[in-house]
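Between the sequences and the hints, there should be enough to build the whole structure, so can you do that?
Residue numbers (this note's numbering), protein chains in the order written: chain B, 1 to 342; chain F, 1 to 342; chain V, 1 to 342; chain W, 1 to 342.
Honestly, I wouldn't trust all of these hints.
Treat identical chains as interchangeable: a pair holds within one or across any two.
As a list, the in silico DSBU-like pairs of lysine-lysine whose alpha-carbon atoms are at most 35 Å apart [said to hold, decoys possible]: (1) 304 x 165; (2) 43 x 337; (3) 153 x 295; (4) 43 x 304; (5) 74 x 337; (6) 257 x 74; (7) 270 x 74; (8) 165 x 220; (9) 295 x 165; (10) 295 x 220; (11) 304 x 18; (12) 295 x 270; (13) 165 x 18; (14) 295 x 18.
If you are wondering where the hints come from, they were derived from the structure by calculation, not from laboratory data.
Number of protein chains: 4
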Amino acid sequence: MISFTCDYSEGAHPLILKRLADTNLVQEPGYGFDSFSESAREKIRSAIGIPDADVFFLVGGTQTNATVIDSLLKGFEGVMAVQTGHIAVHESGAIEFSGHKVLTLPSHEGKMDAGDLEAYLERFYADGAWEHMVIPGMVYLSFPTEYGTLYSKEELTRIRIVCQKYSLPLFVDGARLGYGLASDACDLTLPELAQLSDAFYIGGTKVGALCGEAVVFPRKAPAHFFTTVKQHGALLAKGRLTGIQFDTLFTDGLYMKIARNAIERAMEVKRVFADLGIPFFIDSPTNQQFPILTKEQMDSLEGKVLYEVWETLPDGRAVTRFATSWATTPEQIEQLKNYCMH
Amino acid sequence: MISFTCDYSEGAHPLILKRLADTNLVQEPGYGFDSFSESAREKIRSAIGIPDADVFFLVGGTQTNATVIDSLLKGFEGVMAVQTGHIAVHESGAIEFSGHKVLTLPSHEGKMDAGDLEAYLERFYADGAWEHMVIPGMVYLSFPTEYGTLYSKEELTRIRIVCQKYSLPLFVDGARLGYGLASDACDLTLPELAQLSDAFYIGGTKVGALCGEAVVFPRKAPAHFFTTVKQHGALLAKGRLTGIQFDTLFTDGLYMKIARNAIERAMEVKRVFADLGIPFFIDSPTNQQFPILTKEQMDSLEGKVLYEVWETLPDGRAVTRFATSWATTPEQIEQLKNYCMH
Amino acid sequence: MISFTCDYSEGAHPLILKRLADTNLVQEPGYGFDSFSESAREKIRSAIGIPDADVFFLVGGTQTNATVIDSLLKGFEGVMAVQTGHIAVHESGAIEFSGHKVLTLPSHEGKMDAGDLEAYLERFYADGAWEHMVIPGMVYLSFPTEYGTLYSKEELTRIRIVCQKYSLPLFVDGARLGYGLASDACDLTLPELAQLSDAFYIGGTKVGALCGEAVVFPRKAPAHFFTTVKQHGALLAKGRLTGIQFDTLFTDGLYMKIARNAIERAMEVKRVFADLGIPFFIDSPTNQQFPILTKEQMDSLEGKVLYEVWETLPDGRAVTRFATSWATTPEQIEQLKNYCMH
Amino acid sequence: MISFTCDYSEGAHPLILKRLADTNLVQEPGYGFDSFSESAREKIRSAIGIPDADVFFLVGGTQTNATVIDSLLKGFEGVMAVQTGHIAVHESGAIEFSGHKVLTLPSHEGKMDAGDLEAYLERFYADGAWEHMVIPGMVYLSFPTEYGTLYSKEELTRIRIVCQKYSLPLFVDGARLGYGLASDACDLTLPELAQLSDAFYIGGTKVGALCGEAVVFPRKAPAHFFTTVKQHGALLAKGRLTGIQFDTLFTDGLYMKIARNAIERAMEVKRVFADLGIPFFIDSPTNQQFPILTKEQMDSLEGKVLYEVWETLPDGRAVTRFATSWATTPEQIEQLKNYCMH
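Here's what the structure looks like:
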C-alpha cells in the first residue's frame, strides 16, 4: 500500500540522518547554543540575504504559530487570519490558550485578500464601539495556504501595504514553504518573502526533517523571544537536533532540491487524475492535490492507496487530498497511475 | 576539552539512530498513531506492569510539565512544589502562562517533606480566607530532584497518603527518571513508582534520546488529553520520532542499562573529588555531583573540563555541578582524574 | 436633549437608592455574606421556583459572561455562540483572555437556531480531525438577543435538547432579561427559563440597578465558583451593594414592573416611527427599537434626541437604535414624537 | 454588637449617597464618559498636581491589581512583590490567571526593602540561567501594607531608584491609601506619591465608597488601557457610579477628612489595648491594629465585638486585627473600651 495521506509520512532526508550519526558524540551546549545551530542560522541568513536576521529553531507548526503570535501581540490584541487558516481551525485553540482571539476574514481558496483586510480595518476603526472589541494586532497567512494555493508577489505586496498602513506585523506560516517556493507558479523568491514579512518560518517537519521549523525575524526578534520560547514549552534542550537538520537542509540547496521533487511528483499526480477526466476542487500548483472522486473511484483504490477525504459533497463524491513530499518517488506515482487506471 | 556540563551534551544512543535510519522510509500515520509509538506504548505498559495505562509522547520537559499540570488542574487550582522545583524556577513561568500558580513548600535537598505538605494543607483549610487564595489542586515532585537526590519508597508513600487524604493527584517529573531508578540508593522500582503516582514521565531527552518524554497515566488520562497536547503546541506531526526512540529504549532493557552507565561514571566522579578531599554540597546518589571547588581548583580545570557553576559561596568557593550521562565513558573519567590531580 | 442611546443612561430605581440610604450604617460582613445578599438570594430562588438554586451577585455583564463561561468549561473547550453574540463581538476578547475560543454559528436576527447547532456538532464529530480542533463545551445565548429578539419556549427547548444530547451546559446571558420576560411576545416565564438552562443571569445594570448581575445555577454551581469569581476580579468587598439592589428589585415584583415600563415605552417608540412610515431593521418586541432613518430624518433630530447609529446602509440611510428603560417616561416619548413630526 | 472586622462593613459616606440621589435621573453616557467621571478625573489630577495624568475608575482591588499589572507587563514578565503582598496571597491567583508569575521577596512587617530588591535583581541577571526564568517586569507594593505599616519617603525613594536602574515600573496598591496618607507617621504627600510611582490607585471601597478604585498613571497609561479594562471584565456600564463617588470624595477634601477619622479612632483603639497592657503584633500607625489577645480576653469579647483572628500563636494567644474606618464613631470606641475593661 502506498500513502499520499500527508507530507509527514516518512522520517527524514537520508543526509540528515547521516549527519546526526556523524556528529552524534560531539559534545555541544544545549538550547540552541551549539555550533550546528549557529551554522544553520548563518546559512539561513545567507539564503534570505539578510545578514543580521534573527533565527530560532522550534519543533512544530502549531507551537511555532502560538509562540510567534504571542510574542508579537500585546495582551489586548488579536491576530487576523482567513477562516480556513490553520490557526483558526486546526490548532485546538492554541492561540486562544495564550489569550488572543483569531479575527477571521473570508478565505479565497485559502488566501486572504488585501481588499478584505483593508475593508475590515476601516470598518473596525469607524465603529464607535471599537474599543470594546478585540484590536487587530497582526496579520497571519500561510504560504502555501492550507489549500495548496500561493500568493503572487503582487498579492502579498498589497497585503504588506495594508499592514504597514495600520502598523500590523505580517507573519507568514511556512509549514510548507519549500513546496511553495519550488512551484512553477511561484513568482516570489525566499529573499523577497523575507523582505515582505516581519516574521515567517521555514517549515522543516513537512520538508525533509524529522521535526523543526526555522523562525526568521528579518528585522528584529521581539525582546526576550528566547524566554517566550521557553515559556511556551518550545525550547529544545538538545538544540543540535534542529540545528543539524537545518544546517543540512541549507547546505548545497538541499531544501529547495527536495521541495522541487515534491512539486514534480505532485504535477504527475495531477496529470494522472486529469488524464482520467477527474475534476479538482482547487487548481493547486503545490504538493497538495485535491481531486474530486466518486464512490466507485474511491472503492477501486481501497486497500491500495491511502489519501485524505476532506469533505463529502451532497452528490456523494468526495473532495480528497493527495500530498506528495520530498520522499515521494516516481515509482509511487507509477503505482498510483496503475491503480487508478484499473 | 571534555564536558560534564549537563546530561544533554551528546546526540542519542547509537541504537536509536540506527533504528531511525532502518525505518526511515516506512510510511506511517502522524500524531502518534504510527506502529512504532504503539509498540513503545505497549513496552512501557509492560515495564510498569499496568496493561491499560495511558501513555503519550511529548518532546521536552518544560512542555511536558506545563501540559500535564494544566490537564490535571481546574482553572482555579494551583500546583504544589518545593521552592527548588523545576516548575517553580527554571521554566520561564510556563505554569503561570497556563493560568496556574505554583504554590511552594520548603526544599529539603530538593525534596518535599510529607509533613510540610500536610501542615500546609491543614493550615490552608483552617484559614478563614482560604476561598480567597489559590486552592491546591495537585502535587508535583521530581525524581530524582534537581539536586540529584532521591525519595525513598517510604518518603514517597507518605506524600502519596497526604495526597489521597486531600484528593490531590501526584505528578512525578522524571526528566532523569532512569538515573534515579538505576542508583544504588534507590529502593523503588518503576512499577512501584507507577503505582504511587497519578501521572509521571519517563525522561528521554536526558537519558539517551534526541528528544522526548513518555507521559504515563497509570490509571487514566484526563479527558481529551490529546487535544490538550495539541493546544499546548506539544503534538509532534511525526510521532514516529518519539515512538521509535522509546521503542528502542524499552527494548532489551536499554533504558536502564544506559542509565546505569551514568550512575557508575557519576560514582567515579564522586571518588575523584572525594579522594582529593574536596567536599560536596549535597551527597547525591545519582548522575549529578556537586563538588565545592576553590578558585584555584577551578583555575586548574580551566580550558580542560567544562561543568556548571551553581552558586558562589561567600568564601569565594563555588558549588559546581558535574553531570554524567548514558554517553559518559570511563576514558572521560580518567581524563577528569588526571586534570584534577595536576 | 433626551437620550435613547442605551438602557444605562440613568442611575438606579429610587427605591434602591432609598434602601441603600436606609441600611447604610448597618454593619455587615463582606463578600456576599451579608444579610441583604442572603435575602436577595432567597427571593430569587423563590421567583424561579427552585429552592436550592445557587445564586451569586457579580458586577457587570462582560465580567459575568467571562466568569461563568470559564467556570463551566474545561481548559480545552470552547463556547458556542452566534456570530452577533455579545461574547463574540463586544467584550474585547474577555473569553479568549481566559483561554477559550468562541465558536460561532450563524445569527438569525440575533438568535441561534437549534438546527444549526445540531448540524455543527454532527459535522464536528464526523470530522476526522476533530481532536485537532476546539471541542465545543457549552452553549451561550442572549435573552433577549443583542437585536432585541426573543426565543420562543419551543425554540429554546429545541436548543436545550441538542445541548443535552451532547452534554453541553446551556448558559443564558440575561443582561436585559427583564425586558425579555416583560414583552408581550414572550411565552416563557422566569421559572421556565430556569428549568431550561444550566446557568443564566438576571441583569441588573440595565434594569434598574446601579450595577449588578445575579448569576443563577438552577441545579448546582461549579465547584469553588466563589474562588473563580475572586480569581476573575469579580468579587465585591461590599457585597451589600448588589445584595441590597437585588433584594429591592425582587421585592413586590419591582423587577418585572419596571421592566414592563420599558416595554410599554418601547412600543410607543415603535408606534412613533411606524406612524411616520419609517421602516425597521428588525421587528423587535423588546426595549430596543431599530428604525432605519434617512439623512434628513437624522438631521432633524440633531441636538434634540440622542440615539445610537448601528450601521450605515449603502443608500445613505442608517440603522439606528432607540433604547427605552425602567426610567423612560411617557413625557420623553411625547417629546420624541414632537421632534419626529416637525 | 459592634464590628471592627474590616473597613468595608458599612455602606458609603452619606454625601455620596446624597449625590447619587441628586443626580439619579440625569442622563449620561456610559463607560466613564459621563460628566461626573470627567469632573472626578480633573479633581484627582489637581489633587496629585499632575494636570495630564491618566485616571480610570475600576470597581475593586483585586480587579484593579490584575488589570493594571497585566497592562504593564509583557507576556514573559512577572511582577515583584513581598511574600505577604495581597497579590501574592489573597487574590485567588488573579495575577497568574492573566499569565504572570508573582516573584516574591521577604516581607519586613509587610514592606519591601530596597536592598532586597536590588540584591534579587543583581543575582537574577548574574545567574547564567536567567533567560530560563521569569523576567522581573515591574514592582508592586501596598501603601499602607497589608500589616498597616507605611513606607517613609526615603524608603520609597530608594525602591524607586532601584526600579529606575532596572527600568521597572513601580505600582502602588492604595486600597487603603487614605488611611496611609492621613496617618501621623506618614511623611509623604499624595503628589509626592504620584511622582514616585508609575501607577497607583486611590482606594475607594475601603475609604468611604460603595465600591471603586481610582487608577492613576501619573505619566501615561499603557496603550489602549480602556480595552484592557474591558477585556478584564472591569469596565462599568454605568461609569457614573464610580465617577460620582470619586467626585464627591475629592470635593472639599472629603477623602482625607474621613480617612483622618479612621486614624483617630484607630489610635484610640490602640490606646484601649495598650492601657490594658496588651501587646501588639506590629506597631501599626494606620487604621488596622493587631493586638495579641489571650483566650480569656477573646472569650470576654465574645458576642459583643467582632474582629478578625489572623493567626493563632503556639501559646494559645491570637494575633487579631481591629480595623477602623471612615464610619467608626467615638461611641463605638467607647463601647469597645467598656467591653475590654469588664
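Verification of the hints:
1. Proximity of residue 304 to residue 165 under the C-alpha cut-off of 35 Å is found in neither arrangement, the shortest distances being 52 Å within a copy and 38 Å between copies.
2. Taking the shortest alpha-carbon separations for residue 43 and residue 337, neither the intra-copy value of 39 Å nor the inter-copy value of 40 Å comes in at or below 35 Å.
3. In this homomeric assembly, residue 153 and residue 295 never come within 35 Å of each other (Cα to Cα): the closest approach is 39 Å inside a single copy and 43 Å across copies.
4. For the homomeric pair residue 43 and residue 304, the shortest alpha-carbon distance between copies (30 Å) is at most 35 Å, but the shortest distance inside one copy (41 Å) is not.
5. Within a single copy, residue 74 and residue 337 get their C-alpha atoms no closer than 51 Å, and across copies no closer than 47 Å, so neither meets the 35 Å cut-off.
6. In this homomeric assembly, residue 257 and residue 74 never come within 35 Å of each other (Cα to Cα): the closest approach is 39 Å inside a single copy and 41 Å across copies.
7. In this homomeric assembly, residue 270 and residue 74 never come within 35 Å of each other (Cα to Cα): the closest approach is 44 Å inside a single copy and 44 Å across copies.
8. In this homomeric assembly, residue 165 and residue 220 come within 35 Å of each other (Cα to Cα) both inside a single copy, at 19 Å, and across copies, at 25 Å.
9. When the C-alpha separation of residue 295 and residue 165 is checked against a cutoff of 35 Å, the pair qualifies only between copies, where the shortest distance is 31 Å, while the shortest distance within a copy is 49 Å.
10. Taking the shortest alpha-carbon separations for residue 295 and residue 220, neither the intra-copy value of 52 Å nor the inter-copy value of 39 Å comes in at or below 35 Å.
11. In this homomeric assembly, residue 304 and residue 18 come within 35 Å of each other (Cα to Cα) both inside a single copy, at 32 Å, and across copies, at 29 Å.
12. In this assembly of identical chains, residue 295 and residue 270 lie within 35 Å of each other by CA distance solely inside one copy; the values are 19 Å within and 56 Å between copies.
13. Within a single copy, residue 165 and residue 18 get their C-alpha atoms no closer than 48 Å, and across copies no closer than 50 Å, so neither meets the 35 Å cut-off.
14. For the identical chains of this complex, residue 295 and residue 18 are neighbours neither inside a copy (44 Å) nor across copies (42 Å), given an alpha-carbon limit of 35 Å.
Hints 1, 2, 3, 5, 6, 7, 10, 13 and 14 from the earlier list are contradicted by this structure; the remaining hints agree with it.
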